[in-house]
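Colleague: Each protein sequence line maps, in turn, to chains V and P.
For the first sequence, the working numbering gives the first residue as 1, with consecutive numbering after it.
For the second sequence, the working numbering gives the first residue as 1001, with consecutive numbering after it.
Errors might be hidden in some of the hints.
Below, in silico cross-link-like pairs of lysine-lysine (BS3-like), each with a Cα-Cα straight-line distance of 27 Å or less [claimed, not checked]:
no.: 1; chain 1: P; residue 1: LYS1074; chain 2: P; residue 2: LYS1171
no.: 2; chain 1: P; residue 1: LYS1196; chain 2: V; residue 2: LYS193
no.: 3; chain 1: P; residue 1: LYS1193; chain 2: V; residue 2: LYS193
Anything over 12 Å on all C-beta distances counts as not near chain P; from chain V, calculated [as the list claims (entries may be wrong)]:
no.: 4; residue: LYS6
no.: 5; residue: ARG78
no.: 6; residue: GLY90
no.: 7; residue: SER138
Sample of chain V residues with no beta-carbon within 12 Å of chain P, all distances over it, derived [claimed, not checked]:
no.: 8; residue: ALA9
no.: 9; residue: SER53
no.: 10; residue: ALA67
no.: 11; residue: ASN69
no.: 12; residue: ALA152
no.: 13; residue: THR165
Calculated from the structure, these hints are not laboratory results.
Note that the Cβ used here is the ideal one computed from N, Cα and C, for glycine as well.
The chain contents come next:
2 protein chains.
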Amino acid sequence: MRVSKKQAAENREALLQAANRLFRQRGIDGVGVAEIAYEAGLTHGALYAHFPSKEALAAEAFSHGFAGNMANTKAWAREQDRSFEEHLGGLISTHMRDDWEAGCPMAASASEIGRQGGALSASFTNVFEQFVEMIEGSLENAIPPARKRRLAIAAVAAEIGAIATARAVAKTDSALADEVLEAVREIICAAYKIEKARAE
Amino acid sequence: MRVSKKQAAENREALLQAANRLFRQRGIDGVGVAEIAYEAGLTHGALYAHFPSKEALAAEAFSHGFAGNMANTKAWAREQDRSFEEHLGGLISTHMRDDWEAGCPMAASASEIGRQGGALSASFTNVFEQFVEMIEGSLENAIPPARKRRLAIAAVAAEIGAIATARAVAKTDSALADEVLEAVREIICAAYKIEKARAE
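Just chain V, same shape as in the assembly (with noise of 0.2 Å):
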C-alpha cells in the first residue's frame, strides 16, 4: 500500500506521540515496540519504515516530548516576566511529580538515560543544555555568565533529582514528598540570593 507523504508525516507524529506518552509513563524498558505501534494504530512494520531502532525511536521521542514542554514553558514565560523563583516554582511542583505524561521527560527517565546508547544520551544533552539556556535567561543580570550557567546547571540537575525522588517516596510518606520539593526548591534559591549578593 502507498502511503501519501502526509500520511506519512502523520503516522510519524503519531508514533512519536504515542512512544513519548508510554516512555514516560512506562520507562523505556517497561514498553515494546509492538505496543507503541498498536498504540498509534499502525503496524510494526510502518514504525520500522520511519525508525530503525527502539532507540532511535525512543531518542527521537525524547527530544519531541520535551518540545512540547518547552513550548509550553515559553509560552508561559511569555506572558509576564517570570523570575528564577517563578520558573522553580513551576518545575519543581506538585503538579509536575503528579503528572507524569505532562511532567518534565528528564525527571521521567533520567536514571534510565545513562543505559541506553549514546543516541538517548545526546538527546537528553541537547534537552539539557537548551532547559539550561532558559533557566540561564531568568537570572539577574548582574550576575557573570559563567556564574548564571553554573547555578542554572545545579537548578535542572537538582529539579530532576527532587521530581524522581519525590515520585518514588509519593506511594509511601505524601508528607516528605512534599517536603523533598520545598528543600530543593530552598537551597536553590538560597544559591542564587548569593550569587546575588556577590555580582552587586
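Since chain V is already given, all that's left is putting chain P on it; use the hints.
Modeller: Same frame as chain V, now just chain P:
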C-alpha cells in the same frame, strides 16, 4: 531435594546480590527473574521459594544493596570526623557517577521507583530516611534540628539528580558531566553556609 537452613540462607543471599547487581546495571524493568536466578546459580523455582514476586525481590534487593553502601560510608566516616563537605565530596563524585555497581542505589533507579509498586517505594523511602539521618549527623550542631533535616533532605535529593544527570550526559559530553557534579555540590554548600551563618 531438601535444602538445609544454611544452604537456604546462602541461596537467598546469592539471589539478593545477583538482583542488586543486575538491577543497578540494567534497571528494574531491564532484567527478568529467570536471569537473576541464573546469575545466582539457582533455578527459577528456587527464586520463588524465597520471594513471592519480582517486586518483593526488587524491594529487598534495594534495601540489601543500600545496607552495603551504608556500611562502607559509615566505616569511612568513623576513620575520622567527616564534615558535611567531605560527605558531599564522596557522594557527588566522578567515582560514584562511573561505578554503577558500587554507586548509590537511589541514584541508579530513582526515576524507575515511582512507576513500581508500593513495596519498592517503601524500600526507597526507608533508605532515603537512613541517608538523610546520616547526613544530618555531619551538620554543625548549632543548626536547629528542623533546619538540619530540611538541608539533609535537599542534599540527598539533589545528589540523586546530580548523579543521574551526570550519567545521562556522560556519553555525549564528559566535561558537562563533571560540571553537573561540581555545580550541584556548590549550591548545597552555599545553602549550608547560609544555615551556619543563621545559627551563629
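Colleague: Hints first: check each against the structure and report whether it holds.
Modeller: Structure-based check of all given hints:
1. P/LYS1074 with P/LYS1171: Given that 27 Å is the threshold and the Cα spacing comes to 32 Å, the pair is violated.
2. P/LYS1196 with V/LYS193: Given that 27 Å is the threshold and the Cα spacing comes to 15 Å, the pair holds.
3. P/LYS1193 with V/LYS193: The given pair, whose Cα atoms are some 12 Å apart, holds under the 27 Å limit.
4. LYS6: 34 Å, holds
5. ARG78: For V/ARG78, whose nearest Cβ neighbour in chain P is about 27 Å away, the distance exceeds 12 Å, so it holds.
6. GLY90: 17 Å, holds
7. SER138: Fine: 16 Å to the nearest Cβ keeps V/SER138 off the interface.
8. ALA9: Correct as stated: the minimum Cβ-Cβ distance to chain P is 28 Å, above 12 Å.
9. SER53: The claim stands: V/SER53 keeps its Cβ more than 12 Å from every Cβ of chain P (closest is about 16 Å).
10. ALA67: 18 Å, holds
11. ASN69: 16 Å, holds
12. ALA152: V/ALA152 not clear of chain P: closest Cβ-Cβ about 8 Å, inside 12 Å.
13. THR165: Given that some Cβ of chain P is not farther than 12 Å from that of V/THR165, nearest at about 4 Å, it is violated.
Of the numbered hints listed earlier, those contradicted by the structure are 1, 12 and 13.
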